[in-house]
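K.L.:
Since chain A is already given, all that's left is putting chains B and C on it; use the hints.
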Amino acid sequence: MSSVLYDVPGPKARRVSLIGSVIGIILIAAVVAVAVMTLAQQGIFESQRWAIFSQADVWNLIANGIGATLSAAAVAAVIAFPLGLLLCLMRISDIAWIRVPTRIVLEFLRGMPVVLMMLFVLLVFATSSFIAVVAGLVLYNSAIFAEIIRAGIQSLPKGQREAGLAIGLTSFQSRLTIELPQAIRRMLPSLVAQLVVLLKDTSLGYIVAYGELLRAVQVMADFLGPQYLFPVFFVAAAIYIAINLAVSRLAIWIEKRGSKKAAGGTAHVPVAGTAPAK
Amino acid sequence: MKAFLTRRKSLLVAASAALALSLSACGGSSSTSNPPVAEKPSFAADSTMAKLSSAGKITIGTKFDQPLFGQKGLDGKPVGFDVEIGKLLAAKLGIPADKIEWVETVSANREQFIKQGKVDLIVATYTISDKRKTEVDFAGPYYEAGQALMVNKDNSSITKPEDVKGKKVCSVTGSTPASTIVEKYGAVLVPAATYSACLEPLRNKQVEAVTTDNVILAGFVNKEPDAFKLASDETFTKEPYGIGLKKDDKVFRSWINDQLEAFDKDGSYKKAWEATAGAVIKTAPKLPAIDRY
Amino acid sequence: MDVIIESLPQYWDGFLRTLFLAVVSGIIALVFGTLLAAARVSPIAALRGFSMAYVEVVRNTPLTIAFFFAAVVLPRLGVTFEQFEIAAIIALSAYTAAFIAEAVRSGVNSVPVGQAEAARSIGMKFGQVLSLIILPQALRTVIPPLINILIALVKNSSVAGAFYVLELFGYGKQLANDHGDAVMWVLVGVAFFYLLITVPLGYLANVVERKVAIAR
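Protein chains in written order, with the numbering used here: chain A, 1 to 278; chain B, 1 to 293; chain C, 1 to 216.
FYI, nobody ran anything at the bench for these hints, they're computed from the structure. Ideal placement from N, C-alpha and C gives every residue a C-beta, glycine not left out. Take these hints with a grain of salt, some might be off.
[What the hints assert, rightly or not] Calculated cross-link-like contacts (lysine-lysine; reagent style BS3-like; alpha-carbon spacing at most 30 angstroms): (1) Lys125/C / Lys12/A; (2) Lys165/B / Lys40/B; (3) Lys158/A / Lys125/C; (4) Lys115/B / Lys133/B; (5) Lys51/B / Lys270/B; (6) Lys99/B / Lys40/B.
[What the hints assert, rightly or not] If you want the ones that stay clear, here's a sample from chain C, every Cβ over 12 angstroms from chain A, calculated: (7) Asp2; (8) Ile4; (9) Ile5; (10) Trp12; (11) Val24; (12) Ile27; (13) Phe32; (14) Gln83; (15) Ile86; (16) Val108; (17) Leu139; (18) Ile143; (19) Val159; (20) Val208; (21) Lys211.
For reference, chain A alone in the conformation it holds in the complex (with noise of 0.2 angstroms):
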């Protein structure tokens, strides 16, 4: 490992680096036994409590709640991207009368917190607590995938847009054949960390009492006795972690991919004066 920031270690630093790193290993392993050995000594590690997973009607609830958790994602996502990519044309709109009151509505979705925009369309719409739960995701997170493309559009060289003009394309062609495209593939790495905040999102969801994993195993906790809302809250919390993590390591994927595909892109395309030597 080098950097720029700093000389490569000599064999003294490496000793000193060691010896830092292991000590603060055995610090931090310290740390997590004795929260261990304190959970242990009130009980929360006996096998009776745990032996709960050996039941399939738990498995179904909590199979339940996995389920509730991606379907509300997985809706919201849909309606959400499409009207993120609707709201940031109007954003960027050359008419002053949409431009503005779009950017107004922006900046309130932008800054409301989504519990009330989940529990304001629960009581004052009256719907179900999917449909409040959809609602409140979709609102805020197409706000911000506007702000992310219309980031990714502001990002791409000026001559995109002014070749597009130029070859006598409107202004609206030009954004959406041209400057569209080319900001959603550069930002889709940031579009994919925010589909990983909307996943998480969902577990807001408790406010308007819709049954996502975090609920699921509430009311589960509740149903069997305060003794098991440990067990069950550790296997929500591991189960909720795995699933984000495989979004967020597809966001890395595909960021890898993409910058391979630029480089490889950019290599066909030689620059008068830098060819390379063949």
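P.N.:
The following block gives chains B and C in isolation, referenced to the frame of chain A:
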């Protein structure tokens, strides 16, 4: 290998035994009672009863997180006293228990669900109040609860609601008991998402008491009698639970009221109680006087 | 409408508590997040590993789980608080720090390599390179994303309402129950007070963004 197998087996047995134990501790939740269904009951044409009866199914709103009254079981179906009342009523309409669609209603959306016809009935620890009566109709009451306080077993300083002035009391955000304890008795509210979420802070002595309807607290005390107790057996509010239905459906309302009285007479009211909340709260309730307004 | 004016004291109390949570957690998260980012580029492998693992796990954990750990699991470990605000601040700052670390790290990456090389060539050590040359330049470009993270923090503090802290959103729910006939206005009032914090922050982000863009 064999020893391992038997050990595993015995572990499984122990596991299911523990589970069975915990299930029975939840107050007869194992009872999936099916009250006898009325055969071809006849109702005045155009009445809500006739419509539901001929449709052969009914949608009932209840809570999924209220121990003893309406709580989602491991099989995904709610169990509790409210659920039993719902089943009894459905049976009188000629609808078997498996044709009831149970919808989760939370305190915040009950009136709207009735108004919009998303549910036919709501049996969900639903306190009858004049304010709510302007939006929906209530049959019953079928039970009268009251607000109470739950404290740690070793706490003797709180015995009445006046004792919590200036002290931290946990309750659910946006619930009526929370408003009452703050506005009437000057407690400092510590809000939680569910009543069960109040147990940990109470156990850790971060709050002095938990407050809500006595029947809910009794469920908690029953599960952990060594940790918690009710501050007093007296309640300081009256919470008559009614059955919510669409406003101005007077025929349906008085039919339900008639049925409630009939349940009381033929003993099915008592049976429903004993199968659910009765496992925890030993004093069987008397059906309160029906409020035929 | 009347309900908002009638309940102004409650709104105000909730608003102040939300502001308090956001400001304190924001400061802690900024410091902790910057340290995490520094650890991420440091020569010591264990620090790099810790920072990477922390950011990866926390960013993929729902906020409600973070709150559960701070407010329910920590007391079980013997860390009890008199004030529930402390649990909320721990959860919010631990959660937000991971996002700040990521933002600062990408800012560090955006500083031209020559800057670090020049600093090193005049004999600066890692700590000096980072604190005197890289971070000041990086912070300027990361200010807009940092402000966005702080806006998210303000909104995220609403989750504290379900974890024993009576803040703006908690009051909102309470008022909504007390005024069942004016739910919409109650919630509009809550929204107004959130926007009172988040809109100026968003405006600030835009201004800084423009300033930074011109400076380059």
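K.L.:
Looking back at the numbered hints, which does the structure fail to meet, lowest number first?
P.N.:
2, 3, 16, 19
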